Amino acid sequence: MSAAELNFEIQQFYARQMRCLDGGDAAGFASTFTADAVFTHEPGEVITGRPVIAATTNANITRIRDAKVTRRHWFGMMVIEPESEDLIRTQYLAMTTSSNPDGGATVGAVSLVDDVLVRHDGQLSTASRTVRGDRVTR
Amino acid sequence: MSAAELNFEIQQFYARQMRCLDGGDAAGFASTFTADAVFTHEPGEVITGRPVIAATTNANITRIRDAKVTRRHWFGMMVIEPESEDLIRTQYLAMTTSSNPDGGATVGAVSLVDDVLVRHDGQLSTASRTVRGDRVTR
Amino acid sequence: MSAAELNFEIQQFYARQMRCLDGGDAAGFASTFTADAVFTHEPGEVITGRPVIAATTNANITRIRDAKVTRRHWFGMMVIEPESEDLIRTQYLAMTTSSNPDGGATVGAVSLVDDVLVRHDGQLSTASRTVRGDRVTR
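Residue numbers (the working numbering), protein chains in the order written: chain S, 1 to 138; chain B, 1001 to 1138; chain R, 2001 to 2138.
These are computed hints drawn from the structure, not numbers from a lab.
Predicted model only: the values in this text are computed from it and were never measured.
All C-beta atoms, glycine included, are put in the ideal place defined by N, C-alpha and C.
SDA-like cross-link-like pairs, simulated, lysine to any residue; straight-line CA separation at most 20 Å:
#, chain 1, residue 1, chain 2, residue 2
1, B, Lys1068, R, Pro2043
2, R, Lys2068, S, Pro43
3, R, Lys2068, S, Ala109
4, S, Lys68, B, Ala1109
5, B, Lys1068, B, Arg1019
6, B, Lys1068, R, Ala2109
7, S, Lys68, B, Gly1108
8, B, Lys1068, S, Gly104
From chain B, some residues computed to sit far from chain R (all C-beta separations above 12 Å):
#, residue
9, Thr1034
10, Val1038
11, Gly1049
12, Ser1084
13, Leu1087
Please model the entire structure based on the sequences and the hints provided.
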């Protein structure tokens, strides 16, 4: 697979993964992670495994719904570093926007994210994600 | 055409299409739609055909100029689903930013957009666009 | 090199270039420009050459650190126009976000940027960059 084809595959993977999250589909979101995936929010919050990712995500979705905003995730400025056909490291900026019922939107947190993606049976999954919020790293 | 080549072509198409809009070129923007294109803003606002798209766009451009802001459209997190070489469905996030004369910028509306792109004589055009603002869909 | 491969190479180049800038590495950022690069902020501010770019960047980084924010650059809606294998023109939107220690982030300036990229010994560099802030161009 060429670098450009891999890039396209990864962009599609992330667009679908985060559409699940922003659309409130915690199970669909969790299914894009490996069974034993490690999800870290620096500093210090680490959750492990698809069931815990699903449960945590579900709680976050409920919290956002209760706040009556629509949240979206935007990824950009992505560096893609394949170690092999089946293990790819990515690093990118992530930003959230939140739209409120009165109209208009605001930018939420901005983060620098490091992922490890793995391929099983031709399908990409996130094996590890480390999110460093800019307020923390500053 | 490979998936990566199609992706690049579509990214270029959108960058040029929206540069027309943000640059105040209503006719240029309308020319990137098919003659009978359907442009829907959920809920309920539907305009049809290149001349109506041009006229509506022109009114919007005037309104934004009168507000003395510079508006930009940003697309991201795009899913591309080709049905054939000549008909491609896309879905993406769209965000506007507005810069005011005193400096700084603010995020405007965030939307989820579904497009149908068609190819005639090798050239992509938007045959249909459906914009769902996040305040509406929440 | 196909258009899609060139696009991917350019996206990687920009992600790494701006990671240097946002990470506070003025020398690393300057090294992504040609020795005699011309960097213009419209209207009227022109700096020339890698040492001057490094010094100016360093002053900006210090200013941002003193303001206690974390700044990020986001590029999008990019048009890529190769004149040859070794000279490529790009035009894109650029946006900054600034995160403050109390959490949350705000959008800073939005600009339309024109670059000339050149390739020497297989490596891309920025030979010229012209930044037009939207408050200026409006």
